[in-house]
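Please model the entire structure based on the sequences and the hints provided.
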Amino acid sequence: MILPRPRPVRLLLVVGLVATMSGLATGAAANSEPPAVHDHGAHLHAPPAAAVEPLAEAQGSGPECTATGDDFKKPDLRMARIKDLVIAEPYGDPGEPAPIPPGAQYLRFTTIVMNIGAGPFAVKGTKDLNDAARMTTKQKLFRTAQPGTGPANCQLADSPAVARWGGDGHSHWHIQRMQRFDLYGFDGTGNIVDLDRPGYKVGFCFFDGLRMRPTLPGYSSEPRFSYGGCGNSTSDDRIRMGLSVGWGDIYPYTIAHQWIDVTGLANGEYRVCATVDPLGHYVESDATNNQTYSDIAITGMGSANPAVTETAHAWAACDS
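By my numbering, the letter at position 17 of the sequence shown is numbered 17, and the numbering carries on one by one without gaps.
Some hints here could point you the wrong way.
The following label-pair restraints were derived from C-beta to C-beta distances [said to hold, decoys possible]: (1) Ala-297 to Asn-232: 38 to 44 angstroms; (2) Gly-264 to Gly-69: 51 to 57 angstroms; (3) Ala-307 to Asn-191: 22 to 28 angstroms.
By construction, these hints were calculated from the structure, which means they are not laboratory data. Note that the structure is predicted; figures quoted are calculated from it, not measured. Every residue, glycine too, gets a C-beta built ideally from N, C-alpha and C.
And the structure:
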């Protein structure tokens with residue numbers, strides 16, 4: 001269906017999300033996931049000051065990490081179930097393509113990336129002296145489940161990931177290629193076919209926005225990474241983004257670039273795939289669980305009211 005145009009901004013108070021991430025009754029138990037807790041008031045611009053790392057570390061200006069070895073509590077990144085699958089006309093956000101192509105139809109969806117590992121996922125960006133709109137990054141690993149425990153308890157790991165300023169009409173920095181979205185079809189024998197229709201969004205500002213796994217060891221009820229870690233100016237020298245143990249970051253279907261172009265697509269069966277860290281830029285305890293997918297049926301293409309129905313879902317490799 002064609003939806004009304006909601007306000008095209010990042011949702012900072014999460015309202016209306018379903019209270020469970022349990023999937024459809026499809027696939028083996030290995031693909032199931034325990035229910036998640038959505039605290040509708042948790043997605044704040046900035047958590048209480050006491051809940052955040054000391055400012056010097058949060059802004060990347062504190063002492064460098066000095067720990068060596070490999071005895072760190074590693075993060076484990078995972079995608080939650082894809083939600084809010086709809087075909088809608090472009091909303092005309094500042095960062096959307098301009099002009100909008102006539103007749104364009106976008107498959108929009110909500111995604112959540114979460115950290116279910118033993119330690120925080122933290123990324124530090126430092127300004128590229130040769131490019132004011134670019135930062136190089138390092139991943140910050142900790143010996144403890146909580147960040148901010150001093151240089152002797154952390155290590156900076158090299159990462160090829162970069163951060164870039166804006167790009168979607170939002171005035172903050174984005175880590176590039178943090179997530180990837182793809183659309184697949186099926187051939188006559190049911191085999192997966194890559195349709196070469198990737199998601200448009202490539203930059204992400206992530207922080208503790210949703211309480212996802214409060215029973216995990218090392219979980220903190222207070223957010224430790226805030227929206228402010230994404231910076232707010234091209235003059236920023238450093239940024240610091242991350243996800244605490246048991247926390248997630250949401251990108252709602254209404255936000256700029258959160259879509260796959262399905263213009264001209266035929267009615268039929270398709271698979272929407274969401275992958276976190278698709279290029280393997282980060283250290284994780286388990287890099288084999290980074291994908292989730294939803295199988296969908298699309299009808300009404302070419303009409304004013306196309307519809308999307310989810311037919312299956314799994315936490316598994318998208319080409320399985």
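Against the structure, the hints come out as follows:
{"no.": "1", "hint": "Ala-297 to Asn-232: 38 to 44 angstroms", "result": "holds (42 angstroms)"}
{"no.": "2", "hint": "Gly-264 to Gly-69: 51 to 57 angstroms", "result": "holds (54 angstroms)"}
{"no.": "3", "hint": "Ala-307 to Asn-191: 22 to 28 angstroms", "result": "holds (25 angstroms)"}
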